[in-house]
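*Asks:* Single-letter residue listing:
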Amino acid sequence: MAVEHSTGTSVPAPGDQTRIHNIGYRSYDGPRLGRAYARRSLYSQSLRGAYGLGRSVKSKVLPMLLFVVMCVPAAIMVAVAVATKAKELPLDYTRYAIVMQAVISLYVASQAPQSVSRDLRFKTVPLYFSRPIETADYVRAKFAALASALFVLTAAPLLVLYVGALLAKLDFADQTKGFAQGLVSVALLSLLFAGIGLVIASFTPRRGFGIAAVIAVLTISYGAVSTLQAIADAQGSGDAVPWIGLFSPITLVDGVQSAFLGATAAFPGGVGPSTAEGVVFVLVALGLIAASYGLLMRRYKKVGL
Amino acid sequence: MYDPTVARLTYRALLGRRRALILGALPLLLIVIAVAVRGLAGADDQTASDLLGGLALATMVPIIGVIAGTGAIGPEIDDGSVVYLLSKPIKRPTIIFTKLIVAIAVTMVFSAVPTLIAGFILNGNGQQVAVAYTVAALVASIAYAALFLLLGTVSRHAVVFGLVYALVWEALFGSLVPGARTLSVQQWSLAVAQKVAGGELVTSDVGLTTATVLLVAVTVLATWYAGQKLRSLTLAGEE
Chain A
12 MAVEHSTGTS
22 VPAPGDQTRI
32 HNIGYRSYDG
42 PRLGRAYARR
52 SLYSQSLRGA
62 YGLGRSVKSK
72 VLPMLLFVVM
82 CVPAAIMVAV
92 AVATKAKELP
102 LDYTRYAIVM
112 QAVISLYVAS
122 QAPQSVSRDL
132 RFKTVPLYFS
142 RPIETADYVR
152 AKFAALASAL
162 FVLTAAPLLV
172 LYVGALLAKL
182 DFADQTKGFA
192 QGLVSVALLS
202 LLFAGIGLVI
212 ASFTPRRGFG
222 IAAVIAVLTI
232 SYGAVSTLQA
242 IADAQGSGDA
252 VPWIGLFSPI
262 TLVDGVQSAF
272 LGATAAFPGG
282 VGPSTAEGVV
292 FVLVALGLIA
302 ASYGLLMRRY
312 KKVGL
Chain B
-17 MYDPTVARLT
-7 YRALLGRRRA
3 LILGALPLLL
13 IVIAVAVRGL
23 AGADDQTASD
33 LLGGLALATM
43 VPIIGVIAGT
53 GAIGPEIDDG
63 SVVYLLSKPI
73 KRPTIIFTKL
83 IVAIAVTMVF
93 SAVPTLIAGF
103 ILNGNGQQVA
113 VAYTVAALVA
123 SIAYAALFLL
133 LGTVSRHAVV
143 FGLVYALVWE
153 ALFGSLVPGA
163 RTLSVQQWSL
173 AVAQKVAGGE
183 LVTSDVGLTT
193 ATVLLVAVTV
203 LATWYAGQKL
213 RSLTLAGEE
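Note that the protein sequences, when read in sequence, are chains A and B.
Numbering (the working numbering) for the first sequence: 12 to 316.
Numbering (the working numbering) for the second sequence: -17 to 221.
Honestly, the hints are just simulated from the structure, not real lab data.
These figures come from a predicted structure and were not determined experimentally.
Where a beta carbon is used, it is the ideal one built from N, C-alpha and C, also for glycine.
Among the clues, some could well be false.
Claimed, not checked - What the simulated footprint calls covered on chain A by chain B, stretch by stretch (three residues with Cβ under 8 Å from a Cβ of chain B suffice, anywhere in the stretch; the number is not a length):
#1 117 to 123
#2 205 to 219
#3 224 to 236
Stated by the list, open to error - Once the Cα atoms are required to be at most 27 Å apart in a straight line, the calculated DSSO-like pairs of lysine-lysine come out as:
#4 B:K211 x B:K70
#5 A:K69 x A:K188
#6 A:K69 x B:K211
#7 A:K71 x B:K70
Stated by the list, open to error - Cβ pair distances, simulated, as ranges:
#8 A:D40 x B:V150: 49 to 59 Å
#9 B:G(-2) x A:D40: 48 to 58 Å
#10 B:R0 x A:A287: 53 to 63 Å
#11 A:H32 x B:K70: 46 to 56 Å
#12 B:W206 x A:V68: 29 to 39 Å
#13 B:V95 x A:G280: 44 to 54 Å
#14 B:V136 x A:I31: 48 to 58 Å
#15 B:R(-10) x A:H32: 50 to 60 Å
#16 B:G161 x A:G273: 31 to 41 Å
Based on the provided sequences and hints, a complete structural model is requested.
*Replies:* In structure tokens:
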């Protein structure tokens, strides 16, 4: 509705030359979806992004490849168990993630920076915070998305094992118990790894550097811990072995599950932590998860402005 | 073939601000572990060899190599600022060669030096273990830097592929499939170390001649091909 229209050839008076035209902008009067919706969207987009869905073909390759690499050994084990009519699976549910830790580490290292570093580098974080969401929403959505992605990665092979075990007519109650224990353990592992990966990645806008930093923290700490454990075991100070395990994420999870989830520890000598030591393991694991959440909150308090 | 300005800029990109601290954290950890092991187990040649072989040469050198090799060129290509470098009247192979020298120097300083120190702490260079592994780390630094610099020019996901090679191929496949060890920088450098140590402690699956030929071939070919890639570099936008 053009109301103002300077018509004709008549030259307007000098004071009339500036005027505001209504060019038909409309204000939005649909439903406001609000904070929870924005948080959900951020969560689902980040989760899809962690597997390359909704991104270019090139960025689908790596996560999908790692997912396949993660599941293939489980499928092979199941096939062998069915073919040979074995009495039990060749590998415990709880042990699977420990054996495949290199793949899990690579996945975290490649996807955690993908999730947060690029927002920092292209300075899109302030744009997120100009929406109704707040720091806590952003951190929770990203944390939950990466943890869920990791859970999918680590739980899928367990599901393959479980279904395969039932097809091979292994004991139902026994397998269900093992499967449930495995799920609890990988849930803890997912939260822990997601937290550590995101904290490191959120401190660098460079994706490449973030990847290297995450993998360095995960593998070097594991390498150092397992070397020290082997030496402590060889020196006959077996009591120290579980305590050394506190210092790397994967041995931490291993300690928790061998104390409470009926797993056999992968520690040298096969000595897992006792129940009392296991409580310390659980506390440290939960403390690390809480600490990484706190650190992320602190980081994004500053970076959003 | 060597351009001091490009070298200075690359050094700054690799070590500037807080990055040197992060790169320095890994060697520091190795030395701390060496001190702890010496305190816990005393001087023992086998332990020293295991620790230097397993932690220093197998994990630390490749990771530092990935960071330095891809970091020397990857971020520049990634954010597009490499155009400003390429538009200068400097030959592209010169740029690659300079960046390679810098990457090699950084990898050597942050991996071979701490290996030597850790070796001396562990057993005071008994049976030449410390020197042997330092030589291995030096040799491996050259090959890793060249290899990962090439990866940096070829792929946007250079770091991931570098790590997959270093950790999955060399560590996992190397321990499962004996044939994979022939194609592993780690084993080639161990072959050189074996020659230096001369004892039973440091062993490699590859002969010295094969190892030397392969090392030189990989380094030269990777550098040459990286120069070629840079000559025909297409600047892609963010994925």
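*Asks:* Each hint: holds or not?
*Replies:* Structure-based check of each hint:
For the segment 117 to 123 of chain A, the proposed coverage by chain B is satisfied: 3 residues have a C-beta within less than 8 Å of a C-beta in that chain, meeting the threshold of three. Counting residues of the segment 205 to 219 of chain A whose C-beta sits closer than 8 Å to any C-beta of chain B gives 3, which meets the bar of three, so the coverage hint holds. For the segment 224 to 236 of chain A, the proposed coverage by chain B is satisfied: 7 residues have a C-beta within less than 8 Å of a C-beta in that chain, meeting the threshold of three. Proximity of K211 of chain B to K70 of chain B is assessed by CA-CA distance (about 17 Å); at most 27 Å being required, the pair is judged to hold.
Between K69 of chain A and K188 of chain A, the direct Cα distance comes to roughly 39 Å. Violation of the 27 Å bound is thereby established for this hinted pair. A C-alpha spacing of about 19 Å is found between K69 of chain A and K211 of chain B, which places the hinted pair at or below 27 Å, so the restraint holds. Between K71 of chain A and K70 of chain B the CA atoms are separated by roughly 36 Å; this puts the pair beyond 27 Å, and the hint is violated. Distance hint check: the CB atoms of D40 of chain A and V150 of chain B are about 56 Å apart, consistent with the given range 49 to 59 Å.
A hinted range of 48 to 58 Å for the beta carbons of G(-2) of chain B and D40 of chain A is consistent with their spacing of about 52 Å. For R0 of chain B paired with A287 of chain A, a C-beta distance near 40 Å fails the hint of 53 to 63 Å. Checked against the hint of 46 to 56 Å, the pair H32 of chain A and K70 of chain B passes, with Cβ atoms roughly 50 Å apart. Between W206 of chain B and V68 of chain A the CB atoms are about 30 Å apart, so this pair conforms to the stated range of 29 to 39 Å.
Under the hint 44 to 54 Å, the C-beta atoms of V95 of chain B and G280 of chain A, about 34 Å apart, miss the expected range. In this structure, V136 of chain B and I31 of chain A meet the distance hint of 48 to 58 Å, their C-beta atoms being roughly 56 Å apart. For the pair R(-10) of chain B and H32 of chain A, the supplied restraint of 50 to 60 Å holds, since their beta-carbon distance comes to about 56 Å. In this structure the hint that G161 of chain B and G273 of chain A lie 31 to 41 Å apart at CB holds, the actual value being about 38 Å.
Against the hints set out earlier in the document, violations occur for numbers 5, 7, 10 and 13.
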